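Kindly generate the complete structure, drawing on both the sequences and the hints.
Number of protein chains: 6
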Amino acid sequence: MQLSGRNQLPGEIIEIKKGDVVSEVVVQVGEHRISGVITTTSVENLNLKIGDRVTALIKATEVSFIK
Amino acid sequence: MQLSGRNQLPGEIIEIKKGDVVSEVVVQVGEHRISGVITTTSVENLNLKIGDRVTALIKATEVSFIK
Amino acid sequence: MQLSGRNQLPGEIIEIKKGDVVSEVVVQVGEHRISGVITTTSVENLNLKIGDRVTALIKATEVSFIK
Amino acid sequence: MQLSGRNQLPGEIIEIKKGDVVSEVVVQVGEHRISGVITTTSVENLNLKIGDRVTALIKATEVSFIK
Amino acid sequence: MQLSGRNQLPGEIIEIKKGDVVSEVVVQVGEHRISGVITTTSVENLNLKIGDRVTALIKATEVSFIK
Amino acid sequence: MQLSGRNQLPGEIIEIKKGDVVSEVVVQVGEHRISGVITTTSVENLNLKIGDRVTALIKATEVSFIK
Numbered sequence: 003m004q005l006s007g008r009n010q011l012p013g014e015i016i017e018i019k020k021g022d023v024v025s026e027v028v029v030q031v032g033e034h035r036i037s038g039v040i041t042t043t044s045v046e047n048l049n050l051k052i053g054d055r056v057t058a059l060i061k062a063t064e065v066s067f068i069k
Numbered sequence: 003m004q005l006s007g008r009n010q011l012p013g014e015i016i017e018i019k020k021g022d023v024v025s026e027v028v029v030q031v032g033e034h035r036i037s038g039v040i041t042t043t044s045v046e047n048l049n050l051k052i053g054d055r056v057t058a059l060i061k062a063t064e065v066s067f068i069k
Numbered sequence: 003m004q005l006s007g008r009n010q011l012p013g014e015i016i017e018i019k020k021g022d023v024v025s026e027v028v029v030q031v032g033e034h035r036i037s038g039v040i041t042t043t044s045v046e047n048l049n050l051k052i053g054d055r056v057t058a059l060i061k062a063t064e065v066s067f068i069k
Numbered sequence: 003m004q005l006s007g008r009n010q011l012p013g014e015i016i017e018i019k020k021g022d023v024v025s026e027v028v029v030q031v032g033e034h035r036i037s038g039v040i041t042t043t044s045v046e047n048l049n050l051k052i053g054d055r056v057t058a059l060i061k062a063t064e065v066s067f068i069k
Numbered sequence: 003m004q005l006s007g008r009n010q011l012p013g014e015i016i017e018i019k020k021g022d023v024v025s026e027v028v029v030q031v032g033e034h035r036i037s038g039v040i041t042t043t044s045v046e047n048l049n050l051k052i053g054d055r056v057t058a059l060i061k062a063t064e065v066s067f068i069k
Numbered sequence: 003m004q005l006s007g008r009n010q011l012p013g014e015i016i017e018i019k020k021g022d023v024v025s026e027v028v029v030q031v032g033e034h035r036i037s038g039v040i041t042t043t044s045v046e047n048l049n050l051k052i053g054d055r056v057t058a059l060i061k062a063t064e065v066s067f068i069k
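Protein sequences, first through last, are from chains U, R, V, P, L and C.
For the first sequence, our numbering begins at 3 and goes up steadily by one.
For the second sequence, our numbering begins at 3 and goes up steadily by one.
For the third sequence, our numbering begins at 3 and goes up steadily by one.
For the fourth sequence, our numbering begins at 3 and goes up steadily by one.
For the fifth sequence, our numbering begins at 3 and goes up steadily by one.
For the sixth sequence, our numbering begins at 3 and goes up steadily by one.
You may find that some hints are simply not true.
Because identical chains cannot be distinguished in the list, a pair is counted as satisfied if it fits within a single copy or across any two copies.
To be verified - List of simulated lysine-lysine pairs, DSBU-like, C-alpha gap at most 35 Å:
1. Lys-51 with Lys-20
2. Lys-20 with Lys-69
3. Lys-19 with Lys-69
4. Lys-19 with Lys-51
Quick caveat, the hints were computed from the structure, so don't treat them as lab data.
This structure is a prediction, so every number in the text was calculated from the model and none was measured.
What follows is the structure, encoded as structure tokens:
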């Protein structure tokens with residue numbers, strides 16, 4: 003299985019802030035932290051927990067740059 | 003100046019694939035590569051070039067996870 | 003510091019609806035109102051308050067049109 | 003017909019930069035300019051032309067803020 | 003009225019999970035279910051209810067593929 | 003391997019419009035067509051061809067509704 007999403011950053015979940023409809027999941031990727039907001043339904047369906055190894059997936063069209 | 007975007011990844015531009023309307027900019031961030039698609043107008047306005055130090059900016063709502 | 007985001011609309015915060023994980027921030031930009039949903043963590047990190055001058059930032063790839 | 007998109011900005015098309023797959027459409031909204039990147043297929047299906055009255059549509063989850 | 007959004011999927015609302023700031027709306031489209039997260043303000047402005055006929059709207063730049 | 007993306011629509015590629023930087027991929031999903039714009043690099047990396055079985059992936063936060 004391959005994904006068209008150009009950016010795939012593997013790491014470990016260090017924080018889950020669970021909300022009523024959406025939750026924030028924070029992943030340590032090397033020295034960086036990546037925060038993602040996904041539905042709480044997805045957090046439960048994937049049974050995401052602190053310490054899980056996951057890959058953050060980001061479409062190239064969603065990236066901006068600061069110079 | 004501060005940005006609400008939760009994910010800010012500093013790195014160096016290693017590739018620019020310039021297109022008619024949009025361009026792909028690839029940034030080396032530590033051991034990872036982040037690809038972003040932005041307008042060619044923005045590439046020109048910011049005068050982006052290989053070797054430039056930039057920060058990739060990603061909104062938390064744009065991040066998905068694979069487990 | 004320059005941003006690749008093509009759309010930057012300066013205005014004043016007129017409403018903040020704070021939620022458990024995400025919050026809605028409404029900005030008056032001339033005669034228009036721009037609503038943005040960002041993480042509550044970002045609202046707190048930037049210490050956003052009613053009356054603050056901010057700039058709404060929107061990537062060109064996120065804009066659709068109705069005719 | 004009503005749309006859930008919170009941000010609807012009416013204006014006039016002042017520029018169309020047509021590309022092979024996507025095109026950039028620039029709309030004058032009061033004193034601001036809004037750039038959107040949509041498929042060239044949509045530009046043709048909607049028969050978008052300079053001078054057309056259109057409404058730019060932006061989902062609240064796509065808006066970031068700079069302070 | 004026409005929309006530039008390339009993907010328009012008509013269906014019937016089968017579930018609304020109302021949150022403090024955003025809500026999840028699930029629409030049955032033929033044999034598939036489409037989940038959307040929109041502001042709770044929009045759910046109320048459009049007076050969305052289970053059983054309503056709506057059309058899910060998705061911009062082409064937001065679609066990824068798995069092979 | 004599981005994805006947090008709530009909307010996963012399996013189908014068959016019926017059209018690929020290849021551009022210099024991004025390409026449009028059209029997938030027949032039952033009676034509907036889903037168009038996605040991804041990087042041409044991804045089209046080549048995944049070796050996407052007409053007739054391929056793929057799954058369109060859409061994050062819930064990217065879905066709007068029309069009523």
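Against the structure, the hints come out as follows:
1. In this assembly of identical chains, the alpha carbons of Lys-51 and Lys-20 lie at most 35 Å apart whether taken from the same copy (11 Å) or from different copies (24 Å).
2. In this homomeric assembly, Lys-20 and Lys-69 come within 35 Å of each other (Cα to Cα) both inside a single copy, at 34 Å, and across copies, at 18 Å.
3. For a Cα distance limit of 35 Å, the shortest separation of Lys-19 from Lys-69 qualifies both inside one copy, at 31 Å, and across copies, at 18 Å.
4. Both within a single protomer and between protomers do Lys-19 and Lys-51 lie at most 35 Å apart by alpha-carbon distance, with minima of 11 Å and 23 Å respectively.
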